[in-house]
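Enquirer: Residues per chain are reported as follows:
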Amino acid sequence: MDTKAYSLLKQSLDRELTTQENDELQKALRENPELRSEAESLQKVRGLLLDDESSFGSFFVEKVMSRIETIQESNIIYAFKRIALPGLIAALILLLITILGNHSISFDSLLGVDTLQPEYLTDFLIY
Amino acid sequence: MLDTRNQEDLKLIEKVKGGNKAAFSHLVRKYESVVAATVIGMLGHGDDAEDVGQNVFIRFYNAIGDFRGEASLSTYLTRIAINLSLNEIKRRKRRNMFIVGRRDEDVEIDFPDTNNEPEAYDTKEAVNKALQHLEPKFRSVVVLRMLQGYSTAETAKILNLPLGTVLSRLSRAQDKLKELLKHLIN
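Protein chains in written order, with my numbering: chain B, 1 to 127; chain Z, 1001 to 1186.
Hints may contain errors.
Unchecked claim - No more than 30 Å apart at the CA atoms, straight line, and that leaves these computed lysine-lysine pairs for BS3-like:
# : chain 1 : residue 1 : chain 2 : residue 2
1 : B       : Lys27     : Z       : Lys1137
2 : B       : Lys63     : Z       : Lys1011
3 : B       : Lys63     : Z       : Lys1030
4 : Z       : Lys1137   : Z       : Lys1030
5 : Z       : Lys1017   : B       : Lys63
6 : Z       : Lys1182   : B       : Lys10
These aren't lab readings, by the way, just hints derived from the structure by calculation.
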């Protein structure tokens, strides 16, 4: 078979041929029955592939949404472990230090206000 | 028409960004077939393909803030689907090498003799098997160009390849497919 014409035939399916290339291909198609048969075969291959509709199994959307929910929940747990838990432990340590140091768990003692002298109140507020 | 579709998608994406999960499930339903065609074309039917399909949407959900709408959502999802499918093919190859010390290309695909009962053979299955017989680099261009109907320029852009490479891969893949599917086209 004319390899150049066959190459042009394949290319014609994927790109626009120049006028000269197109004329050459049309001439070859008119003169060569084997090439015409190849053109038919290539079109059939394309047709088979285009007809090949695919789909996933049942409940695909539900499965995706369920996995997203699971990932989000585990992200929340991860964030809690990374941020909230150390924060909670730090707060507990602070509370313990306050109880041991001031023998009190009041908000004032946490801020150190209960031991504050009235004459230093302005300095405290500005600070 | 395409613009209307894109506008609809952008509206849905904005809703998803605002925490509307129903909008996201609508997008999954809308693009399931696009992702399925790409992933099943690349990997064949099976649980692996469905897992990869789910991962495509999960990756999209996690990166939805980065979606600017420069490409259509269909193209964006197809790009993710191709990348994740190629990763899965590499993973399979590693697993096969590790477990039985064989290469994927060594695996024989059984094409039944259809001379006696051609109608009994499922065309869809034959097409899928033929696709799986192609090397991944050829398969990806076939899936995008011939299954999804992207232009060669779009295919080149999605795969980040020069146009000439796409055209030559298509040409070689086409010859191989013609050979593999000859019992269906003659």
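Enquirer: Determine for every hint whether it applies to the structure shown.
Expert: How the hints compare with the structure:
{"no.": "1", "hint": "B:Lys27 with Z:Lys1137", "result": "violated (34 Å)"}
{"no.": "2", "hint": "B:Lys63 with Z:Lys1011", "result": "holds (24 Å)"}
{"no.": "3", "hint": "B:Lys63 with Z:Lys1030", "result": "holds (15 Å)"}
{"no.": "4", "hint": "Z:Lys1137 with Z:Lys1030", "result": "holds (28 Å)"}
{"no.": "5", "hint": "Z:Lys1017 with B:Lys63", "result": "holds (20 Å)"}
{"no.": "6", "hint": "Z:Lys1182 with B:Lys10", "result": "holds (17 Å)"}
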